[in-house]
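Colleague: So the sequences go chain by chain: G and Y.
Under my numbering, the first residue of the first sequence carries the number 1, and numbering increases by one thereafter.
Under my numbering, the first residue of the second sequence carries the number 1001, and numbering increases by one thereafter.
No lab work stands behind these hints: they were computed from the structure.
Please note that a few of the clues may not be correct.
Claimed, not checked - Cross-link-like lysine-lysine pairs, in silico, DSSO-like; alpha carbons within 27 angstroms at most: (1) Y/K1461 <-> Y/K1558; (2) G/K112 <-> G/K34; (3) Y/K1558 <-> Y/K1383; (4) Y/K1500 <-> Y/K1514; (5) G/K480 <-> Y/K1168; (6) Y/K1563 <-> Y/K1578; (7) Y/K1613 <-> Y/K1624; (8) G/K395 <-> G/K505; (9) Y/K1593 <-> Y/K1578; (10) Y/K1467 <-> Y/K1557; (11) G/K395 <-> Y/K1168; (12) G/K480 <-> Y/K1027; (13) G/K480 <-> Y/K1026; (14) Y/K1578 <-> Y/K1557; (15) Y/K1585 <-> G/K395; (16) Y/K1116 <-> Y/K1027; (17) Y/K1383 <-> Y/K1467; (18) Y/K1613 <-> Y/K1206; (19) G/K505 <-> Y/K1206; (20) Y/K1467 <-> Y/K1385; (21) G/K395 <-> Y/K1116.
Source: prediction; values computed, not measured.
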Amino acid sequence: MENYILTLLIFLPVLGAILMLPASKYIKVPNIVKYIALATTGIQILLAAWLYMNFDPSLSVMESPFTVQLKWIEHFNIEYFVGVDGLSIPMVLLTALLSFICILASWNIEKKTLGYFSLFLLLDAGMMGVFLALDFFLFYIFWEVMLLPMYFLIGIWGGPQRHYAAIKFFLYTLFGSLFMLLAMIGLWYFTAPFNGGDGTFNLIRLIELAPQIDAQLWGWNVQWLLWIALFIGFAIKVPVFPFHTWLPLAHVEAPTAISVILAGVLLKMGTYGLLRISYPLLPGEVVAFSYTLAILGVINILWGAMCAIAQIDLKKMVAYSSVSHMGYVLLGMSAAVSPSLAGAEAGLNGAVMQMFNHGTITAMLFLLVGVLYDQAHHRWIVYPENHENQELAGKLAFGGLASQMPIFSAFVALAFFAGLGLPALSGFISEALCFIGGFSAFRLVTAIGTLGILLGAVYLLRAYQRVFLGPLNSSYADLKDINLRELGTVVPIAFLVLLFGVFPKPLVDMVSSSISSLVSIIQGAM
Amino acid sequence: MNETLQIAAFLLLPILSFIVLIFFGKKLNGHSSTLGLSLMGLMLLNALILIVNAEPYNLTAKTYEKWSIYNSFEWFSTGNLSVYLGYYVDNITAIMLLVVALIGFLVHLYSTEYMKGDPRYSRYFAFLGIFIFSMNGIVLADSLIMMYIFWELVGLSSFLLIGFWFEKDRPPMAANKAFLTNRVGDIGMFIGIMILYFHVGSFNIKEIVGGVSEMDPGLLTLAGLLVFMGAIGKSAQFPLHIWLPDAMEGPTPVSALIHAATMVAAGVYMTFRIFPFLTPDALAVVAVIGAITALMAAITAITRNDIKAVLAYSTISQLGYMIMALGVGAPVYAFFHLVTHAMFKACLFLCSGSVIHAMHHSLHHLDDHHTDPQDMSNMGGLKDKMPITHAAMLISTLAIAGVPFFSGFLSKDGILAAVLSYYYKYDGWTIILPIAGFGAAMITAFYMFRLIFKTFYGIPKKKDIYKHIHESPLAMTIPLMLLSVLSFAFAFTANLNPLKSWGWFKALIYKYGKNHNFLNMKYVNSGIESAHYDAMYLSLFVASIGIALSVLIYYLKKVDVDKIANLFNLVGLYSLSKNKFYIDKIYNMIFYKPFLFQTRTASFIDWDIYDQKIVDAWGWITLKISKYTGISDYSILDQKIIDGTSHLTQYVSTKLRKTQSGVIQNYLLGVLAILVVFIIVINQI
């Protein structure tokens, strides 16, 4: 089992997708495609749970029994090399969880179900692959594999501007991939002299090799060029200001489940990539760049929050909140160069935990907005000035939903309070750790960033008040409260948000030892 | 373990109440109050046991045993950074726990009647539960990080309670305002905690107090003041006091709980805990903020007509006293005032609730939904209809006004003595502190009696309403009676001499005024001691002036109110008071509105300009370029060059054919030539 588990996690969804084709043709059960998708992701969750139970955080990837390393394209030293450590396991669990939940949340998809669910499973496989790959080439392939289903999922099943959103997302991300490809080839080429003349994509091996690069290219330091190329590639995914504008559009236009995946998992690939590849391979550049990274993180926090405050579309507000919340991750990551070891650990642990926690919290936010949208068919907080019905323009769109949909509103409140970093909910610990870490390294910048604590509360509470509190808007007196299936999508996440808020130890223990070795790599380069 | 369990009960009982009532409240319905009440009763019992066990004062030896119990548990650890949660219980903690439990219990009892018939009856008790849970967390916390956690949770629970009647327009706004204003302070607190952590290496309050000595004094001043910002928010100090008056939108028993005894007291409690390491410079700032708050809020209270608004501003003002006391180095009196204030202010709020309840029922009876049941101009003469409420309110008013025989006198007198001795010592600008202190004392006496006279005396303003006024039921009046008993000085001293503040209570807290990292507390305390008589006579004098003026204007009606108002308006004081010093308007004008405008600008720049014009320009440029490359590709490269080549080739080949050669050979030759060039180029790289 140990040898197959990771491969199964990656390729099980592919198997499910392949199975769908004959099944939809020959098995005459309504919704058979959905059931196959549900079963596939269900098994995937069980596998992920098994992996978690047997995961020993103290082992490095090379010692881990799950690691698989096979030759693939020998000529270029490309390997099928997958493994799991403290950095990737939270992401693997998150991916498995959100995939399953998203299948549930997609139950009301009626248009071209076969296409939707098979593409979704391919997407799932791509994401798993990215988080498990330890060979850069393999990583890159999964990275690209994931892009295509995403393009179609947004472009076919999305909102009114779906074509524009899909193409923009695709081109923007592809633009980033290009830099990553260059960096990958560069790494292969420039480390070859230190590896007996053979280039390698093995990310573990490259940890030793890459820092030895001492070449110049067109007058630039190669390590620096590699860092910049990788950073652009990953920054677009995060997204780091100023590469963030594809995000609100794509998130808003994508169908609910895809928004969940986008915000919950895809954004984390950017920061995961930085931590998995840029950080250990180019520690010298990390030291030089981290002040910039901290500033970018704070800009993300504040700019994202400022923009979120101004939004009158609930989903767009949540989308901008992701920009803000990913800023915390960047700030935490910048702490790797902190003079205080405790601070560096706080920052990086905070960053990885924030990746997980933001994944769950934002998933909840998007799911809940989706629930509201399904019933009300719009999600304006305030109608826009150019609304087709001029009587409504500029008016409050909802209002008082808490009396009409009490359970739903309670979950929204939970999600909102988790989003604004309330203690006892998971977001608090990771945000606090990111700040503590950031503060130990860059005081003033972080102190400015703490304004995010306030701004986050401003947009969430204002939105909550305007949509859910106050007198009930009589046009919505027929809305029904959240139903059982929708509850099924939200409750598990809510449970995790509460659990890791009160009892963060399992999450910290899972990641902290991998973080420690990463910290020592960075600190060694100072 | 037994001890830990006993302490944990202070958290477990209220959270249990919350959990059960949130999930099963609908089923329990009418019984939910019984559940909440009995759990509170257990907690009160627990607090009493704790304080009896805690009694450390040895009467004969006149010494303290160093009684404290503490324990902590690792919450999580990243290796080098470990975060512990734990409790630290000493006399102060035990007293605070008792205060919270007592007021909590009484508020529960009171609410069983007050909230009767509310559609979300059990939800209300659930929220009370989580509130008390969070508050106890602050009280028990042994570290700043744990305090911060519960600090935020108090913010949440006050949000829930203030916005309890969310179907109305204003309560949700008030709830938001409270939460957000508090968060402004919390940011400072959080930064302060981080500074302290990275210099001391611990979040534990005891360790921080012991470890700050090597810090740069300027930085320590900054850190202390930043942490104190949290208290400015929670304890509604200037300039963050604006949330408290709005928070009166919550149910009145909630006001009694969170604006008298608990939430607002948390700021004072926290400042009390960090007092030992606040530098003299930081303390001076603390004192000034307290003084400004005390005086300004008192002035504002004079012109309120809403009975709860008067109490709201009086709360702010009294909190200003406590903060000022901490600033001038008298933490003992600050804490003393915190506790006496908790009793009499809870009593005042519950009395006002009783009045509002009666007014509400009368208005309901008359089917009148427009008259404001909280407006004092609709009241008057209620003392005959509501004798218990009247008596209780009168007693607690005497207490807040600082009249001998009542608790407020003891604590306020101590604060004023400390303020006066501070002035004696430092002279100069510090004169503003005694001015604010004694001025606010006079104004307090004045507006509180104004409230009493307008509500309970004179001729009823509205006869029909008056007709249907009834005294509230026992569940509401029992807390009033109990709290008014606790507003007597005797309850705190067990001594019949009204001027002596020494007693069991002061004995419990006295040693906490003895330690400070930078001040020589012996010297400070002896200064307070010697200023004691000056302060007492002066405070008695100003209190009697305040009361006398109030009697003259509102009871005997010998002086026309409008004339006085005009007189004061010569210096703009009346308008300032009436408009709450314009602070809300100023904030709206210089912070809130411009800020919202900026966010819209940000969003516009982000999307309409940056994304649509600049980012998408890349797409546009690419399209244009590809159009031209398309053109050049087809009409130039393809049509002219490639086809041209083929024309050329055709021409050449026809020529070559003439030389008896084949086209194929030429092609092969060309390919070979290209390959050679390619290899040469490759080798060059």
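Colleague: Each of the hints needs a verdict: does it hold here or not?
Modeller: For each hint, the structure was consulted:
1. Of the supplied pair hints, the one linking Y/K1461 and Y/K1558 holds, its CA atoms being roughly 19 angstroms apart against a limit of 27 angstroms.
2. With a C-alpha separation of about 11 angstroms, the suggested pair G/K112 and G/K34 falls inside the 27 angstroms cut-off, and the hint holds.
3. Of the supplied pair hints, the one linking Y/K1558 and Y/K1383 holds, its CA atoms being roughly 21 angstroms apart against a limit of 27 angstroms.
4. Annotation: proposed proximity of Y/K1500 to Y/K1514 holds, straight-line Cα distance about 20 angstroms (limit 27 angstroms).
5. As the CA atoms of G/K480 and Y/K1168 are separated by approximately 21 angstroms, the hinted pair is consistent with the 27 angstroms bound.
6. Taking the CA atoms of Y/K1563 and Y/K1578, the gap is near 15 angstroms; set against the 27 angstroms cutoff, the hint holds.
7. Restraint check for Y/K1613 and Y/K1624: the C-alpha separation of about 15 angstroms stays at or below 27 angstroms, so the hint holds.
8. Distance hint between G/K395 and G/K505 is unfulfilled; the C-alpha atoms sit about 46 angstroms from each other, more than 27 angstroms.
9. In summary, the hint linking Y/K1593 to Y/K1578 is supported, as the alpha carbons are separated by about 23 angstroms, within the 27 angstroms threshold.
10. Pair hint Y/K1467 plus Y/K1557 holds up; C-alpha atoms about 24 angstroms apart against a cutoff of 27 angstroms.
11. Distance check on the hinted pair: G/K395 and Y/K1168 sit about 18 angstroms apart at the alpha-carbon level, within 27 angstroms; holds.
12. Among the hinted pairs, G/K480 with Y/K1027 is consistent with the structure: their alpha-carbon atoms are about 21 angstroms apart, no more than 27 angstroms.
13. Taking the CA atoms of G/K480 and Y/K1026, the gap is about 19 angstroms. The hint holds against a cut of 27 angstroms.
14. Straight-line distance between C-alpha atoms of Y/K1578 and Y/K1557 comes to about 21 angstroms, which keeps the hinted pair within the 27 angstroms bound.
15. Restraint check for Y/K1585 and G/K395: satisfied, since their Cα atoms lie roughly 24 angstroms apart, inside the 27 angstroms limit.
16. Pair hint Y/K1116 plus Y/K1027 holds up; C-alpha atoms about 16 angstroms apart against a cutoff of 27 angstroms.
17. As the CA atoms of Y/K1383 and Y/K1467 are separated by approximately 13 angstroms, the hinted pair is consistent with the 27 angstroms bound.
18. Between Y/K1613 and Y/K1206, the direct Cα distance comes to roughly 57 angstroms. Violation of the 27 angstroms bound is thereby established for this hinted pair.
19. In summary, the hint linking G/K505 to Y/K1206 is supported, as the alpha carbons are separated by about 25 angstroms, within the 27 angstroms threshold.
20. Note on Y/K1467 and Y/K1385: the hinted pairing holds, with a Cα-Cα distance of about 9 angstroms set against a maximum of 27 angstroms.
21. Straight-line distance between C-alpha atoms of G/K395 and Y/K1116 comes to about 36 angstroms, which puts the hinted pair past the 27 angstroms bound.
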